[in-house]
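Mapping the sequence shown onto our numbering, position 37 (from 1) lands on 37, and the numbers just tick up by one.
FYI, nobody ran anything at the bench for these hints, they're computed from the structure.
Just to be clear, a hint being listed does not mean it is correct.
The list that follows gives simulated cross-link-like pairs (lysine-lysine, PhoX-like), each with its CA atoms no further than 25 Å apart [claimed, not checked]:
{"hint": "1", "residue 1": "Lys262", "residue 2": "Lys370"}
{"hint": "2", "residue 1": "Lys336", "residue 2": "Lys370"}
{"hint": "3", "residue 1": "Lys337", "residue 2": "Lys324"}
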Amino acid sequence: MMGTSATNEYAALYYLLGGAVLVFLVPVIFVVYKRIVKPKRAAHHHHHHHQKQFKNPSFYTGKPIDVEYLADHQISDAPMYKAAQEDEEQKLLRNRPHFFSTSLKPSPSFPCASSLSLPSSPSEALLTAGAASIGRGSPPALSTVSISFAYIIGCYYTPDMDFDDILLDLSQAINAAPQGIPIIIGGDFNLNPQSTGFGQLVTFLRSHDLSTISDTSIPTFFGPKSASRLDYIFCSRSIASPEEFVMSPTASDHSSLVLKCKLPKFRRAPCSAVPSKVTIDFDRCVRLLESVGDVSSDILPQVIDDIFARSTTSKRPRKSPGRKHWFDALAFDLRKKCQTLHILSKRDPSFLQEFHLTRTAYHRHLRFLKKEDSIKKVSNLIDDAKSPNTSDKHICLLFSPQEKRSALSYQTTERLFGNVT
Numbered sequence: 001m002m003g004t005s006a007t008n009e010y011a012a013l014y015y016l017l018g019g020a021v022l023v024f025l026v027p028v029i030f031v032v033y034k035r036i037v038k039p040k041r042a043a044h045h046h047h048h049h050h051q052k053q054f055k056n057p058s059f060y061t062g063k064p065i066d067v068e069y070l071a072d073h074q075i076s077d078a079p080m081y082k083a084a085q086e087d088e089e090q091k092l093l094r095n096r097p098h099f100f101s102t103s104l105k106p107s108p109s110f111p112c113a114s115s116l117s118l119p120s121s122p123s124e125a126l127l128t129a130g131a132a133s134i135g136r137g138s139p140p141a142l143s144t145v146s147i148s149f150a151y152i153i154g155c156y157y158t159p160d161m162d163f164d165d166i167l168l169d170l171s172q173a174i175n176a177a178p179q180g181i182p183i184i185i186g187g188d189f190n191l192n193p194q195s196t197g198f199g200q201l202v203t204f205l206r207s208h209d210l211s212t213i214s215d216t217s218i219p220t221f222f223g224p225k226s227a228s229r230l231d232y233i234f235c236s237r238s239i240a241s242p243e244e245f246v247m248s249p250t251a252s253d254h255s256s257l258v259l260k261c262k263l264p265k266f267r268r269a270p271c272s273a274v275p276s277k278v279t280i281d282f283d284r285c286v287r288l289l290e291s292v293g294d295v296s297s298d299i300l301p302q303v304i305d306d307i308f309a310r311s312t313t314s315k316r317p318r319k320s321p322g323r324k325h326w327f328d329a330l331a332f333d334l335r336k337k338c339q340t341l342h343i344l345s346k347r348d349p350s351f352l353q354e355f356h357l358t359r360t361a362y363h364r365h366l367r368f369l370k371k372e373d374s375i376k377k378v379s380n381l382i383d384d385a386k387s388p389n390t391s392d393k394h395i396c397l398l399f400s401p402q403e404k405r406s407a408l409s410y411q412t413t414e415r416l417f418g419n420v421t
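Hey, can you work out the whole structure from these sequences and the hints?
What follows is the structure, encoded as C-alpha cells:
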C-alpha cells in the first residue's frame, strides 16, 4: 500500500508540472506567432500577389507605374519594378539612335520608338551607324530600318487587328524596300502557328521570296497558364545561312529573337580594285607645256596637272583567259559538285566525308589532265621536229618571236639542225 500511494503521488506531481509548462508556453507561442511569423507570411503573400498581378503592368494597363511606390514596398526585385523602370527609361529614347528589338512593345506615349532600343554592343552600334534612314509605318504596327546591305522591318500587330490590314501594311513596307537588297521581317504578329492566318501570312510572304526561319515548336510568349509561339522572323532567300536564337524573357512577357546570318562583304569599287595600265604621251605633254603663256604662280600647279591629265590615258587590263583547253566536262562536273557539297557540309557535318572525297578526286583529275596536256605538247614537238616537210623557218618560229628573228638566227638554226630526216 505504501508503494502504490508513492507512485500515485509522483504521477500527480508530473501532471501538475506538465500543466504548468503548457500554461506558460501557450501564451509565449501565441505572442511569437502574432509578432514574428504572421507579419512575415503576410509580407510574402503581398509580394507574391504583386508579382502575379503585375508581371508587366505597362502591357496590361498601359499606365505608368510609380517607381518610388514600388521601392517603398520593398519589391525592387519583382518584374513589376523592372517594367516600371523601363517605362521611365522609354523617355530617354527620344532623339537618340536606336536599333530594332523584337521583345519590346510600342507604348501609348511613344508608339514606334519604344519598339527600338539603344545599342549595347559594338555590333549593334555598327547597325545603327550604317543606317541610311529610319522610317515608320502606321503606328504602332510597323517600323523599318534601311541599311546598306539589308532592309529590316519590325512588326507589332495586336490580336484585334484585322488580318487584311496586316497584309496591306506588310505589302506597302515590302514594296518600299530598295531593289536588290535582302529583306528581314521580324516581330510580334500575335498569330498562332496552327491558325489559318499564319498559313496565309507564310503564303503571302513566300510570293515576295521571303521564307520563315523560326521554329514554331519553341514558344516565345509566356502567359499565366500557358506558353505559345507568337513572334517570328522572315528573311529573303538570298541571305546565306540564316539561324534564329530564342532568348530567355526578361522584363517582357515575350522572348527576344536573334537572327544570325552571313552578309556580303564590303568590297571596293571595280575601278579601284582592278589596276589600270597608264600611258603618258610625252610629245603631247611637251607641246601643251610650250603653249602655256604667262600665268600666275597661284594657278600654275593646276595648269600643269591639267596638262598631264590630258596627256594620260588609262586602260583596263585584258581579261584573263577563260577555261583551259584541257578542262573537260568531268572536271567541270566535279568542281560543281565540290561547291555544292562545301555549302551543304557547313550546314550538316554529315556531308564532310563526301565533300573530302569529291575534292580529292577533283584535284587528282586536274593533275592528270595537266600531265596529259604536257605529254601531248612534247609529243607534238617531237613529231614536228621529225617531220621531213619541216623547214628551218618553222623551227626558228618555235623558239623565238617574229620580231627577234635575224639572218644570224637562220644561219644558227641551219648549222645546229641541218636537214632533219
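Now for the hints, and whether the structure bears them out:
Only pairs whose Cα atoms come within 25 Å are accepted, and Lys262 paired with Lys370 is rejected, the gap being roughly 36 Å. Straight-line distance between C-alpha atoms of Lys336 and Lys370 comes to about 19 Å, which keeps the hinted pair within the 25 Å bound. For the hint pairing Lys337 with Lys324, the CA-to-CA distance comes to about 19 Å; that is within 25 Å, so the pair holds.
In summary, the one numbered hint that this structure violates is 1.
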